[in-house]
Amino acid sequence: AKVYITRKNRYRCCSHSLQLDVEELQARVDVGNKTNSDIFVSIHLDSFTSPSAQGTTGYYYVNGSSNSERLARYIKEGVIEQIGTYDRGTKTSNFYVVKHTQMPATLLEVAFVSNPKEEAILKSDDGVKKSAKGIFNGIVRYFSEL
Numbered sequence: 001a002k003v004y005i006t007r008k009n010r011y012r013c014c015s016h017s018l019q020l021d022v023e024e025l026q027a028r029v030d031v032g033n034k035t036n037s038d039i040f041v042s043i044h045l046d047s048f049t050s051p052s053a054q055g056t057t058g059y060y061y062v063n064g065s066s067n068s069e070r071l072a073r074y075i076k077e078g079v080i081e082q083i084g085t086y087d088r089g090t091k092t093s094n095f096y097v098v099k100h101t102q103m104p105a106t107l108l109e110v111a112f113v114s115n116p117k118e119e120a121i122l123k124s125d126d127g128v129k130k131s132a133k134g135i136f137n138g139i140v141r142y143f144s145e146l
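Going left to right, the sequence shown walks through residues 1 to 146 as my numbering numbers them.
Worth flagging that the hints you see were computed from the coordinates, not collected in a lab. For each residue, glycine too, the CB sits at the ideal point set by N, CA and C. Take these hints with a grain of salt, some might be off.
To be verified - Derived lysine-lysine pairs resembling DSSO-like cross-links, with alpha carbons at most 27 Å apart: (1) K2 <-> K117; (2) K2 <-> K133; (3) K117 <-> K34.
Unchecked claim - Derived CB-CB ranges, DEER-like: (4) P116 <-> K34: 21 to 29 Å; (5) K91 <-> P51: 19 to 27 Å; (6) N94 <-> L45: 17 to 25 Å; (7) K133 <-> V31: 22 to 30 Å.
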């Protein structure tokens, strides 16, 4: 597989935050669209005001590619199998990066950094490797069923 990184800088805002500039989000979408990518996967860490919020969520745009729901579900399930998080479901969204791509797309919330147990998983080398393996396994499953 050839992987294209849509951004290299790190900051606290999420790509589905209303605070981000549309140009910044469009630049990410453009990477996928201009490279004729087969899929678009946006990886995030969730947060909430309550430390009890937990789990992994896969999002997709309901009016997007017909395969987006399956991609979101398989990647979410792959992560859950690896790190044992609660299944928050596969849900529709209007997040910019999944709405404006021309290929199957998902925005994955791996786990909650605001939950002490999940934060510990995400901060460990083993947790990061298992999360990545789950994403990989979901992608492999997606392509194996085309």
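- Query: Given the proposed pairing of K117 with K34, does the C-alpha separation stay at or below 27 Å?
  - Reply: It is violated: about 39 Å lies between the C-alpha atoms, which goes past 27 Å.
- Does K2 pair with K117 here, judged by a C-alpha cut-off of 27 Å? Status violated; Cα separation ~33 Å.
- Can you let me know if the beta-carbon spacing of K91 and P51 is within 19 to 27 Å? Taking Cβ atoms as reference, K91 and P51 lie about 22 Å apart, which means the hint holds.
- Query: Does K2 pair with K133 here, judged by a C-alpha cut-off of 27 Å?
  - Reply: holds, 16 Å
- Are N94 and L45 spaced within 17 to 25 Å by their CB atoms? holds, 20 Å
- Message: Does the beta carbon distance between K133 and V31 stay inside 22 to 30 Å, or does it fall outside?
- Response: holds, 24 Å
- Given the hint of 21 to 29 Å, check if P116 and K34 actually sit that far apart at their C-beta atoms. Given about 41 Å between the Cβ atoms, the range is violated.
In this structure, the hints that do not hold are numbers 1, 3 and 4, in rising order.
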